[in-house]
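Turn these sequences into a full structure, and let the hints steer you where they fit.
In order, the protein sequences belong to chains Z and S. Just so you know, my numbering puts 686 at position 150 of the first sequence, and the rest follows in order with no gaps. Just so you know, my numbering puts 370 at position 68 of the second sequence, and the rest follows in order with no gaps.
Read the hints as simulated data drawn from the structure, not as lab findings. We put the CB at the ideal spot given by N, CA and C, even for glycine. Some hints here could point you the wrong way.
As the list claims (entries may be wrong) - List of simulated lysine-lysine pairs, DSBU-like, C-alpha gap at most 30 Å:
id, chain 1, residue 1, chain 2, residue 2
1, Z, Lys792, S, Lys419
2, S, Lys420, Z, Lys792
3, S, Lys477, Z, Lys792
4, Z, Lys626, S, Lys477
5, S, Lys479, Z, Lys626
6, Z, Lys792, S, Lys498
7, Z, Lys792, S, Lys377
What the hints assert, rightly or not - Ranges between beta-carbon positions, derived for each pair:
id, chain 1, residue 1, chain 2, residue 2, range
8, S, Val463, Z, Arg635, 46 to 56 Å
9, S, Asn334, Z, Glu730, 45 to 55 Å
10, Z, Ala582, S, Asp385, 15 to 25 Å
11, Z, Ala788, S, Asn386, 23 to 33 Å
12, Z, Ala824, S, Leu473, 48 to 58 Å
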Amino acid sequence: MSIRSVLRAGAVQVLLVVLACPGAHGETGNALSPFRASLDQILATAPSQWRSPSQETFRWEMFPDIIILDTIDFTVQDRTFTRIAYFLEKRGFRGRLLRNTQLVGRHGWNAHDYGPDGLASFFNAAEDARFPLNAEEVALRTLAMEQGILSWDGSRFQPGRGGILGLSRSSSPIERRYLLTHESFHGIFFSSQEYRDFCFRLWDSLAPGEKEFYRSFLDSLGYDSADEFLTVNEFQAYLMQQPLEYAAAYFARFTKLLSQNSAPAVIDPARLLAHARSLDAFLQNRFAISAGGTLLAGSGTVTAK
Amino acid sequence: MKRFLAGLSLMLFMGIAPVMAHPHVFINDKINVLFDGGVLQGISFQWTFDDMFSNMILADYDPKGTGQFDAAHVKAVKEGAFDNLENYHYFVAMTVGTKPVAHFKIERFMPSVTEKKKLVYSFFIPLKVTVEQKEQSVRLTVYDDTYFVAFDLLHLDDVTVTAGPDVACELAIEKTKVKPQWPGQYMPDQLVIRFKESS
Chain Z
537 MSIRSVLRAG
547 AVQVLLVVLA
557 CPGAHGETGN
567 ALSPFRASLD
577 QILATAPSQW
587 RSPSQETFRW
597 EMFPDIIILD
607 TIDFTVQDRT
617 FTRIAYFLEK
627 RGFRGRLLRN
637 TQLVGRHGWN
647 AHDYGPDGLA
657 SFFNAAEDAR
667 FPLNAEEVAL
677 RTLAMEQGIL
687 SWDGSRFQPG
697 RGGILGLSRS
707 SSPIERRYLL
717 THESFHGIFF
727 SSQEYRDFCF
737 RLWDSLAPGE
747 KEFYRSFLDS
757 LGYDSADEFL
767 TVNEFQAYLM
777 QQPLEYAAAY
787 FARFTKLLSQ
797 NSAPAVIDPA
807 RLLAHARSLD
817 AFLQNRFAIS
827 AGGTLLAGSG
837 TVTAK
Chain S
303 MKRFLAGLSL
313 MLFMGIAPVM
323 AHPHVFINDK
333 INVLFDGGVL
343 QGISFQWTFD
353 DMFSNMILAD
363 YDPKGTGQFD
373 AAHVKAVKEG
383 AFDNLENYHY
393 FVAMTVGTKP
403 VAHFKIERFM
413 PSVTEKKKLV
423 YSFFIPLKVT
433 VEQKEQSVRL
443 TVYDDTYFVA
453 FDLLHLDDVT
463 VTAGPDVACE
473 LAIEKTKVKP
483 QWPGQYMPDQ
493 LVIRFKESS
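Below is the structure:
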């Protein structure tokens with residue numbers, strides 16, 4: 537299938553979605569039908585190969601309900617994701633739809649990950665307020681609906697399945713490797729009910745002091761560790777973002793620095809490694825993915841949807 | 303029931319997963335302050351990277367594990383894994399007196415590998431500040447405002463001074479005045495270099 541025909545097919549889908557969705561106010565955005573690719577192919581696909589000068593949309597071939605939006609720079613990424621980040625994540629701003637003038641000078645994050653519930657919550661709030669969204673946000677909503685991450689039930693956006701990860705070319709190639717590795721484990725968490733269940737079982741099995749360590753670690757980074765879903769999602773991502781042999785050293789070095797700000801909780805490094813090994817063993821057995829190894833996993837040809 | 307509740311919680315909150323800035327790379331920083339001919343010539347830095355980053359870069363630029371970098375390899379590492387730091391001011395916030403140094407010129411960049419296979423970047427930032435009778439100061443904080451990289455605590459043991467008898471130089475570690483950009487971001491202390499002509 538040619539890119540041109542993919543675009544034509546995508547345009548028809550977009551039109552159908554918009555006609556079925558009163559909340560869209562006739563705006564379609566310009567969502568591109570995702571290219572199926574491995575993570576290393578996404579990193580290696582130069583902007584000169586993109587269909588749009590500002591962004592390209594990929595579908596992670598190992599987890600096809602995970603869509604990855606690679607943007608040309610932080611400006612495009614911010615126009616797409618920053619309002620959502622503040623609405624869903626930023627302490628002190630959660631639940632607020634910031635106007636563009638209020639977002640001036642606020643860079644969201646260097647990379648993003650959002651699942652169906654967060655996106656539904658944001659777009660419903662925008663719909664309720666008849667809030668003027670950026671074209672990039674409208675395109676994101678269209679993309680999410682096309683891909684089954686969101687649906688429209690006639691009155692509300694409903695969460696579907698999968699998720700969206702965001703990455704930018706403003707980050708250096710080395711940063712992009714680190715960032716996409718970390719985000720990809722959120723992608724697996726969003727995509728696989730089995731893996732989520734396993735993560736929750738492992739979390740439930742931790743001793744209170746061990747949970748306290750991870751909560752303290754996440755709190756120190758600004759996460760709201762009272763949110764258990766968030767905590768378990770980050771717990772697994774931080775343990776899996778690097779090969780096993782580096783996990784204990786990462787936490788040890790980080791908590792040593794954090795001890796300058798406050799006295800951090802501590803954990804037996806052997807227990808931390810055991811937690812990482814459990815997650816790694818599950819991912820190896822179920823998906824042939826090892827800790828820190830998502831970029832190496834699956835490397836078929838980039839194909840159109 | 304516990305599993306049911308966990309599943310319910312998961313359904314209710316699925317997808318709200320914040321991405322906070324957090325360091326992925328750790329650097330141990332050594333500094334040398336160089337005076338020569340009555341001039342603060344500049345400051346050299348020696349950054350030793352963590353094992354994971356070291357392995358990643360060395361896999362790309364020294365795949366045979368020689369630990370040696372000829373001119374072509376130095377150029378490749380510099381272009382591929384150092385020059386981009388210009389966009390981040392080479393992680394150095396510096397003031398001479400009260401004047402911030404807006405642009406740095408980097409000299410003598412050299413990668414190397416320790417016995418423990420850790421990657422080391424060495425480079426020099428020229429300053430050319432003439433030493434005067436009155437006391438002058440340079441303050442520098444080495445940190446990454448995107449919080450992708452975290453620098454170890456800076457101790458006086460990490461700093462050396464190369465100077466002749468014509469210069470009196472004192473070092474101090476003080477709380478930095480640079481404000482953190484991210485929740486919970488650890489900020490290294492600043493190095494304060496006070497110097498004047500020897501009496």
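(request) Compare the structure with the hints numbered earlier in the document and write down the numbers of the violated ones, lowest to highest. (result) 6, 7
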